[in-house]
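Number of protein chains: 2
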Amino acid sequence: MKYTKTKIFSAVVLVASFIGVNNFPVMAHDYFSPIVDEKGNISFPTDFRLSMVHLGSWFVPEGGASGFHDVYTEKSSAEAYRKTGQFPDGATLVKELRASKAGTYTTGANVSYATEDLKQWFVMVKDAEGRFSENPIWGDGWGWALYKPDAKTVNVAKDYKKDCLGCHIPAKDKDWIYTEAYPTLHAQ
Amino acid sequence: MKYTKTKIFSAVVLVASFIGVNNFPVMAHDYFSPIVDEKGNISFPTDFRLSMVHLGSWFVPEGGASGFHDVYTEKSSAEAYRKTGQFPDGATLVKELRASKAGTYTTGANVSYATEDLKQWFVMVKDAEGRFSENPIWGDGWGWALYKPDAKTVNVAKDYKKDCLGCHIPAKDKDWIYTEAYPTLHAQ
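Protein sequence lines, in the order shown, are assigned to chains A and B.
Residues 704 to 891, numbered by the numbering used here, are exactly what the first sequence covers, in order.
Residues 704 to 891, numbered by the numbering used here, are exactly what the second sequence covers, in order.
This is chain A alone, in the form it adopts within the complex:
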């Protein structure tokens, strides 16, 4: 039996379809990052709750940042961190802030959980090569972005040194990330 190029292409498409290639996460690291353009603009990563893995969560009881902070990255980035102790080039971190509610449950009193009320998202993209030195949202090994629910297409951060870095200074020795709260980075 002879096989034409067309038949082979069809077979490959069939196999790819069968194993669900359409649902497979975009392979970010093939071209640095799918959410960063050639000028270093960072776009909001859509539906990350279904495409990324959960690193860990924070509960902030009071103040402007109150509520749950749920943090996500690519599965491949978490796997790389487990091996190397570092986020790989192109890794995305998403920190989603949601308002919380509290109630009495069978697990205890004053139990808090995140609601549908979205507050904002912090997004960071690891840049191990210093690609965008002229873009003020890039530096110290990361691209920095902040999105609000009313305009997810707009990165509100304009200068990471003014708009972002201050809150990360206590984590400077951990590449600016509060990794103590992210158990997924440690396999078990």
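No lab work stands behind these hints: they were computed from the structure.
All values reported here derive from a predicted model rather than from experimental measurement.
Hints may be right or wrong, so weigh each one.
Just so you know, same-sequence chains aren't split out, so a pair can sit in one copy or run between any two.
Unchecked claim - Lysine-lysine pairs mimicking BS3-like chemistry, simulated, CA-CA at most 27 angstroms apart: (1) K822 x K778; (2) K786 x K864; (3) K804 x K877; (4) K804 x K865; (5) K804 x K778; (6) K742 x K865; (7) K822 x K855; (8) K865 x K786; (9) K778 x K855; (10) K861 x K786; (11) K742 x K804; (12) K804 x K822; (13) K786 x K855; (14) K742 x K786; (15) K861 x K804; (16) K864 x K804; (17) K804 x K786; (18) K786 x K822; (19) K778 x K851; (20) K798 x K851; (21) K778 x K865; (22) K798 x K822; (23) K778 x K798; (24) K786 x K798; (25) K875 x K804.
Chain A is fixed; fit chain B onto it per the hints.
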């Protein structure tokens, strides 16, 4: 150019390898559930933090269940829920309990996060067909399991009505699941 069966097989394997078929989640629903045997015994789902999606988290400040409760399911199960409002047959829910720490952060005072200190896991498997009526860990549409860190191979729950159901009664009208805390079930 001619293509032999061997060459085509090699090409298919290459493509499958390239798109990461080895890392692809087991397709649970092809055979009900990969963590349930023919007698209805439920085994612990390993490394679910990398293979499942995060539904939401609870923070319990005090008592025996204190700490973070992080809840996970299969991506396919979350997608199905978004469409139907129900967990599909074979869906797995994992609720991981970890002790928490609290500290002052740039986000606020008394900010809590989950630690490496694992407390226990609740696992539920959706059974829409009443498969295991003679097995006392199955009933009311679910299989019920509880694992402790010192013996993840042992389902501590022996009778779901005695060991599990009591804590779920307030959520009976939502198929026993406290879905108000799981924003991933609602696309945005």
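Going down the list of hints, with the structure as the test:
| no. | hint | verdict |
| --- | --- | --- |
| 1 | K822 x K778 | both (25 angstroms within a copy, 24 angstroms between copies) |
| 2 | K786 x K864 | neither (30 angstroms within a copy, 42 angstroms between copies) |
| 3 | K804 x K877 | between (32 angstroms within a copy, 18 angstroms between copies) |
| 4 | K804 x K865 | neither (32 angstroms within a copy, 29 angstroms between copies) |
| 5 | K804 x K778 | between (29 angstroms within a copy, 25 angstroms between copies) |
| 6 | K742 x K865 | within (20 angstroms within a copy, 60 angstroms between copies) |
| 7 | K822 x K855 | within (11 angstroms within a copy, 37 angstroms between copies) |
| 8 | K865 x K786 | neither (33 angstroms within a copy, 42 angstroms between copies) |
| 9 | K778 x K855 | both (23 angstroms within a copy, 23 angstroms between copies) |
| 10 | K861 x K786 | neither (33 angstroms within a copy, 38 angstroms between copies) |
| 11 | K742 x K804 | neither (40 angstroms within a copy, 40 angstroms between copies) |
| 12 | K804 x K822 | both (14 angstroms within a copy, 24 angstroms between copies) |
| 13 | K786 x K855 | between (33 angstroms within a copy, 24 angstroms between copies) |
| 14 | K742 x K786 | neither (31 angstroms within a copy, 38 angstroms between copies) |
| 15 | K861 x K804 | neither (32 angstroms within a copy, 33 angstroms between copies) |
| 16 | K864 x K804 | neither (33 angstroms within a copy, 29 angstroms between copies) |
| 17 | K804 x K786 | between (37 angstroms within a copy, 25 angstroms between copies) |
| 18 | K786 x K822 | between (33 angstroms within a copy, 25 angstroms between copies) |
| 19 | K778 x K851 | both (25 angstroms within a copy, 26 angstroms between copies) |
| 20 | K798 x K851 | within (12 angstroms within a copy, 30 angstroms between copies) |
| 21 | K778 x K865 | neither (30 angstroms within a copy, 37 angstroms between copies) |
| 22 | K798 x K822 | both (11 angstroms within a copy, 25 angstroms between copies) |
| 23 | K778 x K798 | both (15 angstroms within a copy, 19 angstroms between copies) |
| 24 | K786 x K798 | both (23 angstroms within a copy, 26 angstroms between copies) |
| 25 | K875 x K804 | between (32 angstroms within a copy, 20 angstroms between copies) |
When held up to the earlier numbered hints, the structure conflicts with 2, 4, 8, 10, 11, 14, 15, 16 and 21 and fits the remainder.
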